[in-house]
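Enquirer: These are the residues of each chain, in order.
2 protein chains.
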Amino acid sequence: MSAKNFRIIKSEIRVLGIDDGKFIPHTQGNVIVVGVVFRGGCWIDGVMHTRIAIDGLDATEKLASMINTSPHRRQLRLIMLNGVTFAGFNLVDIKALNSATGLPVIALTREKPDLEAIHQALQNLPDNEERWRIVLAAGEIHEITCRGSKLYMEMAGLSGADALKIIELTSTRSCFPEPLRVAHLIASGITP
Amino acid sequence: MSAKNFRIIKSEIRVLGIDDGKFIPHTQGNVIVVGVVFRGGCWIDGVMHTRIAIDGLDATEKLASMINTSPHRRQLRLIMLNGVTFAGFNLVDIKALNSATGLPVIALTREKPDLEAIHQALQNLPDNEERWRIVLAAGEIHEITCRGSKLYMEMAGLSGADALKIIELTSTRSCFPEPLRVAHLIASGITP
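From first to last, the protein sequence lines stand for chains A and B.
Counting in my numbering, the first sequence tops out at residue 192, every number present.
Counting in my numbering, the second sequence tops out at residue 1192, every number present.
A portion of the hints provided could be inaccurate.
As a list, the in silico DSSO-like pairs of lysine-lysine whose alpha-carbon atoms are at most 27 Å apart [to be verified]:
#1 B/K1022 - B/K1062
#2 B/K1150 - B/K1112
#3 A/K22 - B/K1022
#4 B/K1004 - B/K1062
#5 A/K95 - A/K4
#6 A/K95 - A/K10
#7 A/K165 - A/K95
#8 B/K1062 - A/K22
#9 A/K62 - B/K1022
No lab work stands behind these hints, which were simulated from the structure alone.
The structure presented is a predicted model; accordingly, all values stated were derived computationally and were not measured.
Required output: the full structure, derived from the provided sequences and hints.
Expert: This is how it looks when you write it as C-alpha cells:
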C-alpha cells in the first residue's frame, strides 16, 4: 500500500493508540492489548482490546482483527503503536497491519530500538528468521524531535511530514502522543 | 466521618472515577472494576483495578483496599462512583468507603435509582437485609442539573455545594464527569 497523503489533518483526527499489558517474560499464555480511540490529543472516544500470545506470532493478525471489527473503525484515521514488539517478541508487521486495515501506522518509542540486541534475543525463539524479517519490514528508524524530546519512529502508509504533524498535534500533555501515553496507563493499570 | 469542606477546589483536583466491567448477570465469578485518576476534567494520571464477586458483598472492602494501596492515594481528593450497585448487586457502602479511605465519595447516575425495584430484586439474594441497609446508608438521592441534564447524586463526606462544583468542573466533555465517562469506556472496553 502506498503512502497516504492527508489532504488535511483535522485537530480532532481519530487516532488509535495501542499498548500491551504487563506479563511475566518467557512464560506461556496471553497478554491483553488495549486500543484507545482519541480525538486528537484531548478526548477519549472509546477503548477496545484483544489478547495475544507471549512471544507468539499473532500480534499483527489480532490487532488487524480488533481494529477491523471495531465500531470505531470508520472514524479511525491512524494507528499508533508503542514500538513494534508486543508481549515479549510478538512482533507487529506495520506494513502488513497497514494493508490489512487500510490505515497508516506509526510505531513510536522513547528509546532507540537496539536492532543488534533484538537480533541476538531472537536466536532463542522459534521462527527467528520470520521475526527478524518483521523487524526489518518496519523500515528506517527515524529520529524525530517532539516538544524538545527525541523519539524514534517507524511508519507505514503515510509520509514522514504527515506523521510528524500528527505526533505534534496529539502530544498535548507530554512529549509523547496522548493516545500512546494513555494506552500505556490503561494496559499497565488493568494487569496485575 | 463528618462532611469535608473544601477550602478551595483546584481546577486540577485529582478525582478517581470508578466503574465495573461487563459480566453475565446471575453467574458466579469476578468482575474487573477500574479506577481512573483524572486531573480535573482533562488529563488521565493513572489507572488502577480490582476484582469483585458478581452479586457478592465485597465491593466496599475491595475498593477501599485498591485506593489505599495505590501510589496515587496521596494525590486523590475525591472518589466518584457510577452509582452504588456494582457487579449486579454488590453494593458499595459510600459512608464506609468514605471512612475507610478518608476521601469524600459521590455516587452519580443518569437514571434515578428505583429503590422499590432494588428492594424487590434483593429478595432473591442472600444477605438481603444487609444489602438493603447499604442502599439506605447512601442517604438522600439528590436530583441535580449538570450542563442542562438531570443527574442523581448520593454523597458521603462532603457538602452538596462542593459536590456540585466538582461535578460541573469535571464535566468537560459531556453532561457527565470525565472520570466516570472514561472509567465506563475503559471498564466496558476491556471486558469481553
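Enquirer: Work down the list of hints and note, for each, if the structure agrees.
Expert: Going through the hints against the structure:
no.	hint	in the structure
1	B/K1022 - B/K1062	holds (18 Å)
2	B/K1150 - B/K1112	holds (9 Å)
3	A/K22 - B/K1022	holds (21 Å)
4	B/K1004 - B/K1062	holds (23 Å)
5	A/K95 - A/K4	holds (13 Å)
6	A/K95 - A/K10	holds (24 Å)
7	A/K165 - A/K95	holds (20 Å)
8	B/K1062 - A/K22	holds (21 Å)
9	A/K62 - B/K1022	holds (21 Å)
Violation of the numbered hints given earlier is absent; every hint is satisfied by the structure.
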